[in-house]
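Trainee: The chain contents come next:
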Amino acid sequence: MQNPYIPYPVVVDKIITEVDTKDIKTFRFKFINPEDEAKYAYIPGQFGELSIYGKGESPIGIASSPTQKGYVEFTVQKAGVVTSALHEMEEGEVMGLRGPMGNSWPLEFLEGKNIVIVGGGFAFTTLRSLINYMIYGENRKRFGNITVIYGARNPGLLLYKDELIEWQKRDDLNINVTVDKGDANWKGKEGFVPAVCKEVAPSKENAVAVICGPPIMIRFTLPVFFDLGFSKENIITSLEMRMKCGIGKCGRCNVGSKYVCKDGPVFSLAELDKLTPEY
Amino acid sequence: MEKSLIKKDALAGIAKKMAGDFLVWAPVKKEDNVLFEPLQKDGEPFFAYLNSKNAPKNVFFPHTEAMMKFTRTPKGMVFSAEENKADQSVLFGVRPCDAHSFALLDKLFDQEKYKDGYYIAKRQNTTVISIACVQPPYATCFCTSVDGEPVGSEGADILLVDIGSDYLVEFVTPKGEKLAQYFGDAKADAAAETKKNEIAAKAVDAITSKIPAHEVKPILDKNFDNPFWNTIHGKCLACGTCTYFCPTCHCFDISDEVKGSDGVRIRSWDSCMFPMFTKETSGHNPRTSQKERWRQRTMHKFKYYVDNFDAIACVGCGRCVMSCPVNIDIRKVVEDISKL
Chain A
11 MQNPYIPYPV VVDKIITEVD TKDIKTFRFK FINPEDEAKY AYIPGQFGEL SIYGKGESPI
71 GIASSPTQKG YVEFTVQKAG VVTSALHEME EGEVMGLRGP MGNSWPLEFL EGKNIVIVGG
131 GFAFTTLRSL INYMIYGENR KRFGNITVIY GARNPGLLLY KDELIEWQKR DDLNINVTVD
191 KGDANWKGKE GFVPAVCKEV APSKENAVAV ICGPPIMIRF TLPVFFDLGF SKENIITSLE
251 MRMKCGIGKC GRCNVGSKYV CKDGPVFSLA ELDKLTPEY
Chain B
20 MEKSLIKKDA LAGIAKKMAG DFLVWAPVKK EDNVLFEPLQ KDGEPFFAYL NSKNAPKNVF
80 FPHTEAMMKF TRTPKGMVFS AEENKADQSV LFGVRPCDAH SFALLDKLFD QEKYKDGYYI
140 AKRQNTTVIS IACVQPPYAT CFCTSVDGEP VGSEGADILL VDIGSDYLVE FVTPKGEKLA
200 QYFGDAKADA AAETKKNEIA AKAVDAITSK IPAHEVKPIL DKNFDNPFWN TIHGKCLACG
260 TCTYFCPTCH CFDISDEVKG SDGVRIRSWD SCMFPMFTKE TSGHNPRTSQ KERWRQRTMH
320 KFKYYVDNFD AIACVGCGRC VMSCPVNIDI RKVVEDISKL
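These protein sequences, in sequence, are chains A and B.
Numbered by the working numbering, the letters in the first sequence go through residues 11 to 289 in order.
Numbered by the working numbering, the letters in the second sequence go through residues 20 to 359 in order.
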């Protein structure tokens with residue numbers, strides 16, 4: 011049986027600098043042992059532990075979709091010891107990857123429904139995984155209307171810029187990209203995510219909102235969706251906590267009786283209401 | 020299986036004989052403390068002890084343990100898992116409360132989906148021999164309030180009960196039966212069994228410290244925000260002694276140590292009493308003060324573990340009560356919660 015504490019060896023295949031400030035990069039990893047890729051079968055919304063020997067590990071949401079074969083991607087902000095070391099890495103270097111961990115976006119629950127995706131800033135990564143999963147080939151038929159509202163502080167901080175353009179070309183996606191403040195070249199929307207949600211006003215009929223962003227965005231976005239009539243069962247989000255083991259043993263990421271690493275990170279607001287407000 | 024009888028003075032000899040055949044962890048006197056340590060060739064086990072200073076959990080879950088090793092090579096890092104291998108061993112002479120703690124730790128480390136191979140290998144290859152508490156060792160013992168028994172066999176493979184001139188030897192599990200040969204041919208008769216039952220009943224009565232451990236669960240379910248939580252932590256030094264000595268505390272940290280081009284990833288005991296335990300890279304800390312940490316510790320033992328595993332994560336050994344430098348007493352905390 012696979013020892014869950016031991017990372018799969020991966021090679022850094024590609025590094026994409028996502029933002030103007032250069033502190034958020036997408037890392038594409040390939041498994042050194044090809045058979046490990048199948049073992050790493052994941053679902054959008056899950057996360058992995060990026061493992062750099064001598065530095066430690068960092069739990070990061072998976073940014074690629076399982077429909078993208080041959081590699082796994084993580085979009086990482088440079089922040090602490092491990093992510094700083096990661097940002098120093100070059101293509102071709104070898105490191106480790108554990109997981110996949112956690113539950114996932116509730117795909118079965120989302121099937122057949124209209125999906126509203128709301129993302130803010132750097133928290134867009136696992137939402138990007140979900141979008142790419144839902145729009146892939148035949149998968150698209152399994153979901154109703156897909157509305158995406160994605161915001162960043164300024165145009166230079168938007169992630170996945172090329173993909174955003176591709177998505178906007180599709181007629182089976184309603185993409186709303188906004189920035190808090192534009193620049194001379196910005197022709198898109200300006201305004202905070204909650205305001206844009208209000209403007210887009212997605213219908214609550216047969217709909218689920220999947221919301222991920224900084225706490226301040228969540229705080230002002232939730233009332234908009236309550237006003238639109240979304241129930242707490244139909245608003246889904248993902249939590250972050252300090253983690254180590256990733257499998258519910260080391261004891262630090264619990265919110266009440268639930269471990270964010272193994273029982274989460276994805277919860278509906280209705281589920282969160284049943285937990286203690288300690289996150 | 021039939022129970023055996025051994026003379027009381029035969030115990031050390033049996034432990035030493037076993038130590039010739041495999042690794043035996045036994046109580047050993049170290050200055051003022053009794054600790055469970057591997058019995059050395061000419062070492063003398065010390066069975067006339069009340070309870071060990073440290074909980075013996077370190078036999079299965081060491082303070083510090085290598086998880087994997089790595090080496091820097093010109094081609095990049097190469098790493099190898101530490102094997103989940105453990106030698107055949109015996110943990111000789113733990114108290115029933117500590118044996119009970121192993122049954123509780125099993126629930127966490129040996130779950131269906133997420134198995135902790137490091138713990139499981141050691142646990143599976145170790146036979147646990149308990150010595151019953153005919154007299155409660157300390158006034159702080161409260162095992163009977165948390166599903167324990169002073170003459171209980173939960174978590175043990177063999178239970179020894181002092182019935183006067185002899186120990187009654189009960190082989191609790193097939194793993195225990197395999198060591199039957201070490202305990203000689205004297206079989207226990209009905210009289211010995213009767214004696215044991217009398218002693219067990221008396222031992223239960225002798226535990227006078229009681230806490231309403233089961234009663235607080237529904238109260239904790241509803242009182243996360245009760246102002247009561249402001250009243251415990253004031254004098255807490257966040258030293259982590261309570262969690263260090265606790266037989267059921269199992270939180271750990273994972274970190275890397277590097278020397279030259281070789282490194283090792285280790286896990287070591289951590290504590291929910293420490294501010295850094297939950298502090299995130301962003302600076303955000305979901306448990307901002309010692310109040311939240313004390314609530315976590317209490318909730319984890321008397322509510323969360325019950326929610327997840329249907330068992331209280333406390334065995335009533337009283338170590339945290341005896342070792343807290345500022346005399347915070349979990350028994351008082353639970354008592355106070357029961358009155359909320």
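One or more of the hints may lead you astray.
Stated by the list, open to error - Under 7 Å between C-beta atoms, here's a sample of chain A residues computed to sit facing chain B:
{"#": "1", "residue": "I16"}
{"#": "2", "residue": "V104"}
{"#": "3", "residue": "S241"}
Note that these hints are calculated values from the structure, not bench results.
Note that CB positions come from ideal geometry on N, CA and C, so glycine has one too.
Trainee: Tell me if V104 (chain A) is really an interface residue toward chain B, meaning its C-beta lies closer than 7 Å to one of theirs.
Mentor: holds (3 Å)
Trainee: Is the interface hint for S241 (chain A) satisfied, with its Cβ closer than 7 Å to some Cβ of chain B?
Mentor: violated (24 Å)
Trainee: Would you check whether I16 (chain A) satisfies its interface hint, that is, whether its CB is within less than 7 Å of any CB in chain B?
Mentor: holds (4 Å)
The structure is inconsistent with hint 3 alone, although it conforms to all the rest.
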